[in-house]
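Letter by letter, the chains look like this.
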Amino acid sequence: MEDARPPQLSFQELLPPMTPHEASVEANRCLYCYDAPCLHACPTHIDIPTFIRRIATGNVSGAAHTILESNFLGGTCARVCPVQELCEGACVYNAHDKPIQIGRLQRFATDHLHARGEAPFTPAPPTGRRVAVVGSGPAGLSASAELAKQGHAVTLYEKRELGGGLSTYGIIVLREPVEVALREVDAVRDLGVQVVTGQELNSRAELDGLLASHDAVVLSLGLGAVPALGIPGEAHILSGLNVIEASKLERPTGVGARTVVIGAGNTAIDAATIARRAGADTLMVYRRTEREMTAYHHEYLFALSEGIGFSFLTQPVEVLDENGQVTGLRCVRMGLGAPDASGRARPEPIPGSDFVIPCDTVISAIGQEKPALAVTMGLDLDHGYIRVDDQMRTSLPRVYAGGDCVRARGNASTVMAVQDGKLIAASLGVVLGAQSAPVAPTRPPEVREHPLYHAAHGAVPHAEAPHG
Amino acid sequence: MADLSIDFAGIRAPNPFWLASAPPTNSGAQIHRAFEYGWGGAVWKTIGAPVLNISNRYGGLTLGGQRLQAINNVELISDRPLEVNLREIAEVKRLWPDRAVIVSAMVDADPQAWKDIVMMIEDTGADGIELNYGCPQGMSERGMGAAVGQVPEMCELNTHWVTSVTRLPVIVKLTPNITRITDPAHAALAGGAHALSLINTINSIMKVDLDTLQITPSIGGRGTHGGYAGPAVKPIALNMLSELVTDPQVIRSGVPISGMGGIQTWRDAAEFLLLGASSLQVCTAVMHYGYRLIDDLTDGLSRWMDDHGFATIADVTGRAVPQVSTFGQLDLGYQAVARINPDKCIQCNLCYAACNDTAHQCIDLVAPDGVRVNPGFDPRASGKEVALPRPTPQVRESDCVGCALCANVCPVDGCIEMVSVPSGRPHVTWDELTAQRPAVTQTWPAMETYREEAGIEIH
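If you read the protein sequences in the order shown, they are chains A and B.
At position 208 of the first sequence the residue is numbered 355 (the working numbering), and the sequence of numbers has no breaks.
At position 455 of the second sequence the residue is numbered 471 (the working numbering), and the sequence of numbers has no breaks.
Only chain A is shown next, with the shape it has when bound in the complex:
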């Protein structure tokens, strides 16, 4: 089946930008809930009712400021967040109506600010403190931005040619074009952060070197490559991450006319979408069932609507080739056995059920390897990820970590990583003696003990400035 779309439409953002009129209508639909559930649900706790109200009143730059104050990567998160599971999933309108399109409104506001070329923040006066951030993905950018806002001198190291990490290389264009990721790298530069690309941290000695020249080091390393399947013919398998990267950078993806994708997570669906939109017959194989697949349900429905096929309870056992050209994927049928450690029914091969799926391309997207560097550098681990305490400190003094390298979070990993960056900056800010981020000032005791103060704040005791 041929894809009927013209090629130039196959690889652009799935949703068009909102027009000013659309944004105004949608913003005016927002109820401006008090203590709003969308704000609770957002991992970075963007004050969503406030930013939407600002759009409604025509203060779109102000809206962007509200967003970026809580989430420096608001432009990325507007596109990649699984809003159905977060802000929009919590919208009170779900009871009777469609939720407010918070993600698209956020995109409208942040795009507006970018188009006007406005810098939303001015860094505090220099503190003379120096921080090295390693890895320029969402966690690294967020930490760098927040630390730079506090007035620290930040150097951000990136091993790749371009900054942005997963946003630049690992998110399908349908959801986030490269330019959006890169403009957030530029925004960090505008705050005075020195971005050094093409420089990789490889050893404990190099980490010690950074610690010698900086007051603190932040590790936002992300995760590793797609792990090997350990089956014959492995060398012919393409990595799902590499396929996405090639597609984003408009290089050949290596995808042929009949593609099989191994895995059923969100990245697997992204890789399958690229193959499908390039015109390939595309089949996803997964050893468990529809019920256990890790992709969000809305992503699964999207894949089905794209015309991607699924073969559940199917385990690949060998990639077949003729003279180096893939000819098929030998698989075995699985049955469901007793529950395993994860509580899910353990898939078990059914003897003699081998069959071959004819194909010319096999892509694997079965997750990412845990950060190997953590072991090299002698950091304490937690299930293979870097162990951090509630202040985001690792087991090494003056070394902090956040993002995917401290935990796996599925597709919400971008916004969780942004929040990690904020937590790191808040934690480090105390240590480095920066002026703390503005919170509601504490009233003097004579005010706090006055009966009017008690009357104003009600009988239920609570901390001052709960939204601080």
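Please keep in mind that the hints were generated in silico from the structure rather than gathered at the bench.
Here a beta-carbon is modelled for each residue, glycine too, at the ideal position from N, C-alpha and C.
One thing to keep in mind: the hints can contain errors.
Example chain B residues on the side facing chain A (calculated, C-beta under 7 Å, incomplete) [what the hints assert, rightly or not]: (1) I362; (2) Q363; (3) C364; (4) Y368; (5) A369; (6) F393; (7) S398; (8) G399; (9) L404; (10) P405; (11) R406.
With a Cα cut of at most 20 Å, we get these calculated EDC-like pairs of lysine to aspartate or glutamate [stated by the list, open to error]: (12) B:K360 to A:D244; (13) A:K306 to A:D487; (14) A:K245 to B:E287.
Knowing the structure of chain A, use the given hints to seat chain B on it.
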């Protein structure tokens, strides 16, 4: 099926909906088309003194993205030649004998000028005359329009000049740009008016454009006040209507009142009828949506009348008037409290914010486990499962003064209801209290004593 026809001061129409004297009634062709759509009548755009118009002429009020919640205009009376208007009036009336054709007029404050125009109007075969004493701009500076309506003596004199020379019913249209609407009404009655109509437009400046810093509408870089009309003025119109229909002199005169000011739907229309109007005039809504609006006006009104067992417009007219009271006649012992229906509540908690910040702090947020909580969140938690279920607002009825703010801010129909409850307080009005115990209404110590006796606790 309800009978919508009316006989208003001798002017008959198949339904009570007339197009008000304004741009929608500027020409014979327009009114012909409006009658084809089913309008019951039309008040021809004011004819009289010669004028020249300007451009732009309108400013619109947008609220929450909704256009034309009100309009203001700086357009004058008809700028078409008098004889053209008169010829077309005659033609329209001949083609539409069952519709009400009323001619609005405005001339210099001079008996001969009035006599001349009245004779010309009579010759057209029109059903009645409406005296435009309301136009708030352009004409008032020339001693016409609001300049007449705002001075009762002028109002009486001009009206007399007309009623003394015509056999046609004369409707006097009142301006709202006055402190007491009954004063010009009395003057019109003294001048022999057969009917009253209200409200004309309200003096207004619509807005200042924040990009150009120009007043809107901008007329070559200058702005001036215009006449304000449309949905946003309806409550003002309803109040002035209620003042007229409860005024002893107006009641004694028995003159009918044509109501207008913000009628956009049959619901608005029914409210004007319930407060005593017996014909209705519409302008802004038609300027927004066109003549086709008449379909829903008549159909909706007719079905509503059927549902309530009203057979004729006369059955509806004035039904709500007996409730119209002064503050001093209200029962101080009546108590209502807000009840929030938890099955309908969507936990937007707007009621909580409104009550807590700006009313009487009697709504609590209650967590699903029944514990009273404050707003706020855990900065380290996220996801829709963290946000839901939400705390639910609950009214502490013992502290609720029954102000109804929460019911007004609630976005869900029927979620918050104001329920009548026994107050335990004496059923007495302020007027009665003033008569029985004057000290209570005059000094705080006496008031405190009375409150203690009556068990009135103020939080």
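The hints, checked one at a time:
Annotation: I362 (chain B) was flagged as interfacial toward chain A, and the flag holds, the nearest CB pair being 4 Å apart, inside 7 Å. Given hint, Q363 (chain B) at the interface with chain A, holds; its Cβ is 6 Å from that chain's nearest Cβ, closer than 7 Å. Taking 7 Å as the C-beta cut-off, the interface hint given for C364 (chain B) holds, the closest approach to chain A being about 4 Å. Interface restraint check: Y368 (chain B) against chain A, minimum CB-CB distance 6 Å, threshold 7 Å, status holds.
Of the supplied interface hints, the one on A369 (chain B) holds, with its beta-carbon coming within about 4 Å of a beta-carbon of chain A, less than 7 Å. For F393 (chain B), the suggested interface contact is upheld, since its CB lies about 4 Å from the closest CB of chain A, less than 7 Å. The closest approach between the C-beta of S398 (chain B) and any C-beta of chain A is roughly 4 Å, which is under the 7 Å cut-off, so the hint is satisfied. At a threshold of 7 Å, the smallest CB-CB gap from G399 (chain B) to chain A is about 6 Å, leaving the interface hint in force.
Annotation: L404 (chain B) was flagged as interfacial toward chain A, and the flag holds, the nearest CB pair being 6 Å apart, inside 7 Å. About 9 Å separates the beta-carbon of P405 (chain B) from the nearest beta-carbon of chain A, more than 7 Å, and the hint is not met. Against a cut-off of 7 Å between C-beta atoms, the interface hint on R406 (chain B) holds, since the closest Cβ of chain A lies about 6 Å away. Of the pairs offered as hints, the one joining K360 (chain B) and D244 (chain A) holds, with about 13 Å between alpha carbons and a cut-off of 20 Å not exceeded.
Restraint check for K306 (chain A) and D487 (chain A): the C-alpha separation of about 38 Å exceeds 20 Å, so the hint is violated. Pair hint K245 (chain A) plus E287 (chain B) does not hold up; C-alpha atoms about 33 Å apart against a cutoff of 20 Å.
Of the hints listed earlier, those the structure fails to meet are numbers 10, 13 and 14, in rising order.
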